[in-house]
Amino acid sequence: MLKSVTSSGVAAPQATTGATSPQAKMVTISINGKEVEVKEGSTIIEAYYQSGLDIAHYCWHPGLSIAGVCRLCMVEIEGNPRLQIACNTTVVAGMKVNNSSAKVKDAVKWGLDFHLINHPLDCPICDQAGECGLQDQYMKYGQYDSEMGEQKVKKHKVVDLGPRVVLDSERCILCSRCVRFTDEVSKTHELGIFNRGDRAEIGTFEGKPLANNYSLNTVDICPVGALTSRDFRFRQRVWFLKNAETVCTGCSTGCNVKVYFNKEGLFRMKPVYNPNVNGHWMCDVGRDTYKFVNKEARLLEAKVVSSGKSQEMPAMELAKKLGATLRGHGTSAALVLTGSYSVEEYEAIVSYFKTDVGTKNIYHWINNPETFDSFDGLLFRGDKNPNTRGLLEVLKAQGISGSWKELVDGIGTGAIKTVVVAGPENQANFPDMKVKIAELSKVAKLVWLTSGKNAELDALTGDVALLPVKSYVEKAGSFVNHAGLRQQVDRVMTVVPGAVSLTELVDLMKEVGDAMTVKSTAATETVPAISANQIGQGRINNEFTLSRGVW
Amino acid sequence: MFKLSDEGLKYVKNELTRYEVKQSAIIRCLYRAQDENGGWVSPDVISHLSAVMEIPSAQIEEVATFYTMFNKTPVGKNHIQVCVTLTCGMLGGRELCDSMMKEAGCKKTGDVSPDGLFTFSKVECLGSCDTAPMIQINRDPYTENLNTEKGLELVRKLRTAGGAGASGKGH
Amino acid sequence: MAEIKYLSEHYAKPEYQTLDGYKKFGGYEMLAKALKMEPQKIIDEVKASGLRGRGGAGFATGVKWGFLPNNGEPRYLLCNADESEPGTFKDRVMMERAPHQLIEGMLISAFAIKSNKAYIYIRGEYMGPAAILEKAIAEAKAAGLIGKNILGAGFDCELDLYLGAGAYICGEETGMISSLEGLKGQPKLKPPFPAVQGYLRKPTIVNNVETLAAVVPIIRDGAAGYRKYGTEKSAGTKLFSISGNVNKPGTYEVPLGYPLMDLINIECGGLKPGRKLKAVVPGGSSAPVLTAEECKTATLDYECLAQLGSMLGSGAIIVIDDSNCMVDVLSTISHFYHHESCGQCTPCREGTGWMERIIHGIVHGHGSEGEVDLLLKIADNMKGRTICALSDAAALPVLSFVTKFRDEFEYFIREKKSKVRGGQIYAQISH
Amino acid sequence: MAIAIEKVKRAEATDTWYMPGILWGLLLTFKSLVLNLIDYIPSVVGVKKRQIMPTVNYPEEKYEYSPRFKGNHVLTVKKDGSLRCTACMLCATNCPADCIKITASEHEDPSVEKFPIAYEIDILRCVFCGFCEEACPVDAIRMGPEWQTPGVNGSEFIYDIKHLAYRPQLKGGIVSVLDEKERHEAGI
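Protein chains in written order, with our numbering: chain A, 1 to 551; chain B, 1 to 171; chain C, 1 to 431; chain D, 1 to 188.
In isolation and in its complexed conformation, chain A is listed as follows (with noise of 0.2 Å):
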């Protein structure tokens, strides 16, 4: 089991508002022959998902405005002699509603057939293949042979909207999700859909290119291969990848995502729902956080530098050998920790320092100080490490206050000989990193704990080691956001194997033998039972993940 944390001050999960609000009034309506409780005023298209039943859709979103254009989410209601849009329709208690009767079907087969009628059917070479709404719905609802003879229309493909958005407009269907993304939720205006008819098409205008932190969303909630990621374009097949839930450690906001990985590495993240921390959205930068942790970066094996030479070991050795150093060094050894581990680490490296070393020489470095508490008011926040707030607690909690300048003092009057550093998993936001090795390196002994490679540490001289450790994917364990919402995630999949997380680091420290190791080991990624309640508070709520997804 994963030992709880004893701070008082993780503060509880905040209660969950808007779609779980207790005081929503229920009505009880009809849908396919089934009586279901939906909450008051909800659309019907709403309450096919609070009962989970499927229906289809295009240009519905839950986090957006109500368009109406796909004209797909087609449903009797009893009393209507004509099919409504579900969407757009809200429901009254008693209502009896069907999206099951052969007339809804064929109006969907034709909604989707009208759909399709234009779209170029390349399937093969569209990265949306796997995961596309018409395929699915095709699949579903559609099956027949069109008996479209004439020739379609050309638009243009391959269109860079922005540096990480790539248009085609053959397949777009024009749902104007990513329009109305732009419009009420990054506000940027950047896309419009010009001319009209069956030539109206998405684009920017030249010189306004869909630039804005939050483009990559329009590629998520797009239904069919029209917008596509530069950066995933042709990787990897989607049906070649697993995914697993896990927190984005890009910043202290901790968004819910989801990461998409095969046995070469990640490629690739998307959010996912979760009112309490990030909505259906995440930021494109908080999406770049995978490459870090994928081999090509990675510090694979541990590395000992001693007067002049250096060798290679495995981490395990290393552990070892340090905790016969440290063990009982006293005031002379210090810890740096950076805000990218989980609280479960920070916990047992800090107690192990202040009772197996015997020092309370533990600082805390902050990367951007300057902007560390900006916020751009959706989702990125200054402060770029994961668990900031949980390290502060832990620190708190353990009676450890000291300041950077007591340890540049320590190191230069040489009272400080040993230190040691949990860098930065995400090298990309610590810009000061350059400056803080110059800084640190000056110590007799500089133990580095490293997930990722990094030149100016390997070209260090004097008495240096470096230790590979795990990065968030390769661990279970708990994040504090900004907020003070801890959310736990589980291991998703081991890239460095012989990369150790610090509790594991620690108990090799304590040289508790191989037995011990393999006991903790397992124990640190033994999924505990309150994780899946855990892992962002407010998903057991949610109306809008269906097996299929909301695209």
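Don't take every hint at face value.
Computed Cβ-Cβ distance ranges for the label pairs, DEER-style [to be verified]:
| id | chain 1 | residue 1 | chain 2 | residue 2 | range |
| --- | --- | --- | --- | --- | --- |
| 1 | B | Glu144 | A | Gly207 | 39 to 49 Å |
| 2 | D | Glu61 | A | Pro314 | 54 to 64 Å |
| 3 | A | Lys140 | B | Thr148 | 22 to 32 Å |
Keep in mind the hints are simulated off the structure, nothing from the lab.
Virtual Cβ for every residue (Gly too), placed ideally from N, Cα, C.
Model the placement of chains B, C and D on the given structure of chain A, informed by the hints.
Frame of chain A, contents of chains B, C and D only:
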């Protein structure tokens, strides 16, 4: 780079406050800018209007491309819009357009004639079906009750008027 | 029965365009009278008169006004002068000949629905009428008829002109509202209806030019006086725009319930010698076509035409004689709807294009068997599936033309030439 | 409850005695030797063509399989000589032996859009089932009549684009049935 004249700027500033929301001024300002830009809305025009009106350029582009009376390509001095819908179509509007185009030296609709005087468009119903077939030159009042001879005559007349510009109000 | 000059009494007089001329014939007296009435009384009077929207849908005007919520929000009155339905030109005539009649009608209506801001949305191509209206508005403003404290009755109303720029869809009331808000003229989802949330999400009433102008004689003669003309359910007179293969096309005012053939044969001087009537489109291009046989019994009112499966629409009557190829006529109509579809809803956006390409193919001799049925299927699945009625408007002519003149379509597909004109058909160039 | 006993039939001596089989095999070989001599000697002196025995003198002589034989893979090319493959990876998805590895990239021509910069088949893993051929939507991969797969080290058994599409035996490449225009017209 396109820039509105001083009067044009004044006109735009005035239109911006004329309606409840400033977006409502887009159509009139586009007309004005189109006139000042020789009859068409170039990307420059939209960038400039976006800056002057403080409205996202994509929104102005949306409006400019949605409505047919804004030309997205250069047009000749006389933009002749021939109605070809229902009644005019039945009574020879399409044939009229073709023969006028041939006379003016335009290969297809949307082309500017070699002398720069003519551009033809086939447009949808202009609301003068009793006088079919009929045309509108630029944004002037209609020229009605035409037939092939009258149409050819009109083209010749406009050509003779030449650089002076037969139609009064510009585009 | 014959033509009745009720609304258009003074249309022939050029001075009627000016304020002075208009006043000479009793202009703005009804405004003065109305301003002394209770607004609700005016609404009741209009309701009692049985006036129905003259723009196309034929919805009872008084009832529409009654939908306004009483929430103290500012209200808007919009005059729909975006007359773009092929075949329709009566509003243009009204605005050119009697701009003040429209202004007076609008001011009375604005007073009745307690609106202090009224707009006339005129289509961009109507530069002539727009100039006349602008002049008339300026005159009325100068005379204190528009603005603050009109005629000393304590009623304020601003009236302005808004110019469109060429989009049929802006004739749809929510499309018009979008356009007025400075957006693309794409119709908005209903509900909420404009009477509840329209222009700038405020309660808004949208009425046709002719509807608003007809309020003036209703105030003058009262509901009963107005009901003197027309039938029980279709009260009053209406201006009809007649075009096509008749000797005297133009705008004619007749009471509703007037026989269609009388209008064609008497008022419009019949067809060209030697020609036989083939079909009539009775209410603008979106109205289903009537065959010559059906025309014989048709009277010009909402009910009779609905019974015949068509509609009165905007009162645009297009007369088609036997020299026309119906495939060719339909090709111009379907081209129109393809060109004018706003592109918002998928069935309309894709369906109009698909139908046009099929008909275009038939006209060019590439038609294949089964396409007639395919057309019917497409049209059938476009009906009632979209936000606004453009999809229906595009589907109805296709359905009626193809069903009623199926032999011509099948002949064209089989023989690759027109049944009526042989090889003489204009092969439409796509543009 | 009684325990059911099933008698297992053990092999008899006549079943395990292998001599008759060996002798039968030797007889067959001897027959072939004789027939071959009868056939071979006159063919060497040019009296008549060889007819009776199908034996070929491999590797001097090579046997041609029918064109429909599912042997080594061929990547087809377009008329301009570039690869037909669009890197859709359906072959790799369908491959039961997991022997196809494709790396896709963006083509500079937007009408081509996606193409493989690397296409590797591990021929030692391949089971020659032909599923890749079946899966291909654009006739980019075929299995040809070639069947010899010699190589002197492991890396030679990983066929790359150069080998798959442009090996000398293909004489400049096999042109795909459908080119881009035909494909558009056919609505593929």
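Query - Hints not upheld, ascending by number - result: Hint 3 alone not satisfied by this model.
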